[in-house]
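**Student:** These are the residues of each chain, in order.
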Amino acid sequence: MADKMVKITLNGKECQVPAGQNLVDAAKANDVQIPHYCYHPGLSIAGQCRMCLFEQEGNPKLQIACNTKCSEGLKVVTDSEKVTSAVQSSLEMHLINHPIDCPICDQAGECGLQNYYMEHGKYASEMNEHKVNKEKVVDIGDHVVLDKERCILCSRCVRFTQEISKTSDLGIFQRGDRAVIGTYNDEALKGNYQLNTVDICPVGALTSKDFRFEQRVWLLEEADSVCGGCSQGCNVSVHHKKGKHIYRLKPRYNGDINKWWMCDTGRYTYKNSNYDKRLTSPALGGVDFSHDEAIQAWATDLKVLTAMERTEEVGVFISPHHTHEELEGIFDTLHKQFGITKFYSEDIDALVKADSVQDGFLFRSDHYPNSRGFLKILQDRKIKALSLTEMAQNLQKGSISHAILFVPEDDRVLSTLHKISRSTKPDVFVVVITPQRAATELFPQALSLPSLSHLEKVGTIRNYSGIDQKLSAGLRMFKETESIQEIMAGLLEKVRETKAERASR
Amino acid sequence: MSTLESRSYIIGIFKGLMTTGGHFFRNLLGFGNRPTIQYPEERRKYSNRFMGVHILTKKKSGEIACTACMLCATNCPAECIHIVAAESPNPKIEKYPAVYEIDLMRCVFCGFCEEACPVDAVRMGRDYEVAELSERNFVVGIDYLASRPSLNGKNISVFHDPDKIVKMPDTKKIA
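Residue numbers (the working numbering), protein chains in the order written: chain A, 1 to 505; chain B, 1001 to 1175.
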């Protein structure tokens, strides 16, 4: 279908578009914006909102663009007097019972009504009746708040629960101006995809509980990244304020992976990046250190071991929560430069083999974002990762005297770390490199270095189907945190410095 | 050129002393307009447009009129307004400011917050005597902004003051 191109005329300009493409999308691709509320490229056509009206040559009646497919010779006019006045009237109709409580509405700033009112508003109200009052602040589940007054009945959320999440929770009840969105028997929304209804809601009828009153959207900035919650690798945009605090994640369109959607579990992974969970300063035995001194202490201990050729006493814990670049940095430094061979990790092979979709849509059982890339790098470098039980045994036996732990930000890793911390004797020199504060609390005597959280990183990860994706957020929320590449480079520099000092003496 | 006047500097000194002395005696004996005033007892009258320390207005019920829409904070060029919005304990009100702080040290008293406010919740007041011992005390919160004694509880928002409610224009006449 997409191969054949047809010629259509948009406001007098001839354009080549794929045959059968939806007119709203085709016009958008050719810089003609057709206003719409109910149309969403990922959902079926409803024709509810009557905002996308256009004039078709040879047809006396206005047509809706969302239900028009492009065919040869289609002549479209969207800027005539007839169309603009019709669109204005449609918008006026939507606003009749809208409460216009923008100051307290979380959607303000990204609201379809606000945006289109600037272009297609009538400004002088012709309504003299009282607005129909409906329920506000209706709790419909753990993630979503419903405001029935603000709803314009575009039915996007209803179609989403029917077609995409297949939970069929939402419906339109009553008739006429009393029609409202609601859940059947006032039950809570089900499933792991509830917050997508908030994304697709063009107005403030469905808002997120987690983001409720947190911040006004016009104060937020966006950065592109990839979710680190599972091996699916949904594309997300990170909404942060001045690079200091992340407020929410929103899915970003990727036709090959997540389309327009993402799961609720993934959305909450941003919490790991914010201050209350983060390690923000290097520390040794619980005392804050400067970054330079901390790395110096580590380099000294590591150098003694290399000088005495006891590198087999070094054990490194790694996980596929790191990007390709970070893993390369770790292996380049620790394996190539220092000759460390003992790398321990969870059984990633088994995780990958058992990896399957958990909820019938996006969320997968492998909770690491880069398992495939991790296995490939190990294979390329001919490194065999040893199991964690072996690490615990070796720590118990005392054959590890220097442990380096690259701990991911995930809470799930804490139970495995607990085992390691219990078998660690007090004379073992432990270095914990992590963005997460909870991990360092398990090793009170350790040298801990703060690293970047997943959503701040720049790098590449490989998802379950082998697609390499770029993380390009490039944030640094806390001054003292460094990426693993920087920490590794700093370590090498310190080791070389001390070597050079000795040579010059 | 050397004139007699410039060579005998005594004349110049007396000329200068006459100006100083003239001012001294005029102010001492109270002729004409004196530019100085006896400050704490005597006060200048400021223009009606004078912008002093902000006021947060209240509703008739005594609750704060602010809805925490953050338009003032957005419009503030000095970034001195800090608001934390929260769910109000009153079920009839959805959103209210749990924290509303203005850093008077950062504030430039431009009045943009007053202009931005859609509900007449923040106004520029007339107080200008702000002196504190610590910089921290210049960060003032809701208690000071809405209920300081100098306001006498008269800070009722126009949207909640029956005498001042702006009536909507008759839509039929417009059409």
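None of these hints come from the bench; they were simulated from the model.
Idealized CB from N, CA, C, for every residue including glycine.
Warning: the hint list may mix true and false statements.
[As the list claims (entries may be wrong)] Only part of the chain A face toward chain B is listed, based on derived beta-carbon distances under 7 Å:
hint, residue
1, A29
2, F173
3, K209
4, V458
[Unchecked claim] Label-pair distances were calculated between CB atoms; the ranges are:
hint, chain 1, residue 1, chain 2, residue 2, range
5, B, G1052, A, N185, 52 to 60 Å
6, B, S1047, A, E293, 56 to 64 Å
7, B, G1052, A, H418, 30 to 38 Å
8, A, N67, B, K1059, 44 to 52 Å
9, B, A1086, A, H418, 34 to 42 Å
10, B, I1093, A, K241, 20 to 28 Å
11, A, Y253, B, G1052, 47 to 55 Å
12, B, E1135, A, M118, 36 to 44 Å
13, A, T389, B, I1093, 27 to 35 Å
14, B, I1093, A, N128, 47 to 55 Å
15, B, S1047, A, K209, 46 to 54 Å
16, A, D332, B, A1086, 47 to 55 Å
17, B, G1052, A, A124, 45 to 53 Å
18, A, N185, B, G1062, 20 to 28 Å
[As the list claims (entries may be wrong)] Restricting the straight-line Cα-Cα distance to at most 30 Å, the calculated cross-link-like pairs of lysine-lysine (DSSO-like) are:
hint, chain 1, residue 1, chain 2, residue 2
19, A, K250, A, K166
20, A, K479, A, K277
21, A, K61, A, K136
22, A, K134, B, K1059
23, A, K425, A, K28
24, B, K1060, A, K190
25, A, K190, A, K122
26, A, K209, A, K250
27, A, K209, B, K1015
28, B, K1015, A, K131
29, B, K1059, A, K209
30, B, K1059, A, K131
31, A, K134, A, K303
32, A, K82, A, K69
33, A, K166, A, K131
34, A, K271, A, K250
35, B, K1059, A, K136
36, A, K134, B, K1015
37, A, K250, A, K303
38, B, K1045, A, K136
39, A, K336, A, K376
40, B, K1045, A, K134
**Student:** Run every hint past the structure and note whether it holds.
**Tutor:** Going through the hints against the structure:
Given hint, A29 (chain A) at the interface with chain B, is violated; its Cβ is 33 Å from that chain's nearest Cβ, farther than 7 Å. At about 23 Å, the closest approach between the beta carbon of F173 (chain A) and any beta carbon in chain B exceeds 7 Å, and the interface hint on this residue is violated. Look at K209 (chain A): its Cβ only gets to about 10 Å from chain B, farther than 7 Å, so that hint breaks. Hint status for V458 (chain A) relative to chain B: violated, with the closest Cβ pair at about 29 Å, above 7 Å.
In this structure, G1052 (chain B) and N185 (chain A) meet the distance hint of 52 to 60 Å, their C-beta atoms being roughly 57 Å apart. Checked against the hint of 56 to 64 Å, the pair S1047 (chain B) and E293 (chain A) passes, with Cβ atoms roughly 59 Å apart. Between G1052 (chain B) and H418 (chain A) the beta carbons are some 59 Å apart, a value that contradicts the proposed interval 30 to 38 Å. Distance hint check: the CB atoms of N67 (chain A) and K1059 (chain B) are about 48 Å apart, consistent with the given range 44 to 52 Å.
Hint check: A1086 (chain B) to H418 (chain A), Cβ distance near 36 Å, so the stated range 34 to 42 Å holds. At about 26 Å, the beta-carbon gap between I1093 (chain B) and K241 (chain A) stays in the expected band of 20 to 28 Å. The hinted window of 47 to 55 Å between Y253 (chain A) and G1052 (chain B) holds, with their beta carbons roughly 51 Å apart. At about 42 Å, the beta-carbon gap between E1135 (chain B) and M118 (chain A) stays in the expected band of 36 to 44 Å.
Look at T389 (chain A) against I1093 (chain B): about 57 Å separates their beta carbons, and that is not inside 27 to 35 Å. The beta-carbon spacing between I1093 (chain B) and N128 (chain A), approximately 28 Å, falls outside the hinted interval of 47 to 55 Å. Separation of S1047 (chain B) from K209 (chain A) is about 48 Å and conforms to the stated range, judged on CB atoms against 46 to 54 Å. Taking the beta carbon of each, D332 (chain A) and A1086 (chain B) are about 49 Å apart, inside 47 to 55 Å as hinted.
A hinted range of 45 to 53 Å is violated for the C-beta pair G1052 (chain B) and A124 (chain A), which are about 38 Å apart. One distance hint, 20 to 28 Å for the beta-carbon pair N185 (chain A) and G1062 (chain B), is violated here, with the actual separation near 40 Å. Note on K250 (chain A) and K166 (chain A): the hinted pairing holds, with a Cα-Cα distance of about 21 Å set against a maximum of 30 Å. Taking the CA atoms of K479 (chain A) and K277 (chain A), the gap is near 15 Å; set against the 30 Å cutoff, the hint holds.
For the suggested pair K61 (chain A) and K136 (chain A), the alpha carbons sit about 38 Å apart, so the restraint of at most 30 Å is broken. Taking the CA atoms of K134 (chain A) and K1059 (chain B), the gap is about 24 Å. The hint holds against a cut of 30 Å. Restraint check: the Cα-Cα separation between K425 (chain A) and K28 (chain A) comes to about 64 Å, which exceeds 30 Å; the hinted pair is violated. Restraint check for K1060 (chain B) and K190 (chain A): not satisfied, since their Cα atoms lie roughly 42 Å apart, outside the 30 Å limit.
The straight-line distance between the Cα atoms of K190 (chain A) and K122 (chain A) is roughly 39 Å, outside the 30 Å bound, and the hint therefore fails. A C-alpha spacing of about 14 Å is found between K209 (chain A) and K250 (chain A), which places the hinted pair at or below 30 Å, so the restraint holds. Straight-line distance between C-alpha atoms of K209 (chain A) and K1015 (chain B) comes to about 80 Å, which puts the hinted pair past the 30 Å bound. Of the supplied pair hints, the one linking K1015 (chain B) and K131 (chain A) is violated, its CA atoms being roughly 81 Å apart against a limit of 30 Å.
Annotation: proposed proximity of K1059 (chain B) to K209 (chain A) holds, straight-line Cα distance about 28 Å (limit 30 Å). For the suggested pair K1059 (chain B) and K131 (chain A), the alpha carbons sit about 23 Å apart, so the restraint of at most 30 Å is met. Restraint check: the Cα-Cα separation between K134 (chain A) and K303 (chain A) comes to about 71 Å, which exceeds 30 Å; the hinted pair is violated. Under the criterion of a C-alpha separation no larger than 30 Å, the hint pairing K82 (chain A) with K69 (chain A) is consistent with the structure, at around 22 Å.
With a C-alpha separation of about 34 Å, the suggested pair K166 (chain A) and K131 (chain A) falls outside the 30 Å cut-off, and the hint is violated. Among the hinted pairs, K271 (chain A) with K250 (chain A) is consistent with the structure: their alpha-carbon atoms are about 14 Å apart, no more than 30 Å. For the given pair, K1059 (chain B) sits about 21 Å from K136 (chain A) by alpha-carbon distance, which is consistent with the 30 Å threshold. Restraint check for K134 (chain A) and K1015 (chain B): not satisfied, since their Cα atoms lie roughly 85 Å apart, outside the 30 Å limit.
A hinted pair counts as satisfied when its Cα atoms are at most 30 Å apart, and K250 (chain A) with K303 (chain A) does not qualify at roughly 45 Å. As the CA atoms of K1045 (chain B) and K136 (chain A) are separated by approximately 49 Å, the hinted pair breaks the 30 Å bound. Of the supplied pair hints, the one linking K336 (chain A) and K376 (chain A) holds, its CA atoms being roughly 17 Å apart against a limit of 30 Å. For the hint pairing K1045 (chain B) with K134 (chain A), the CA-to-CA distance comes to about 51 Å; that exceeds 30 Å, so the pair is violated.
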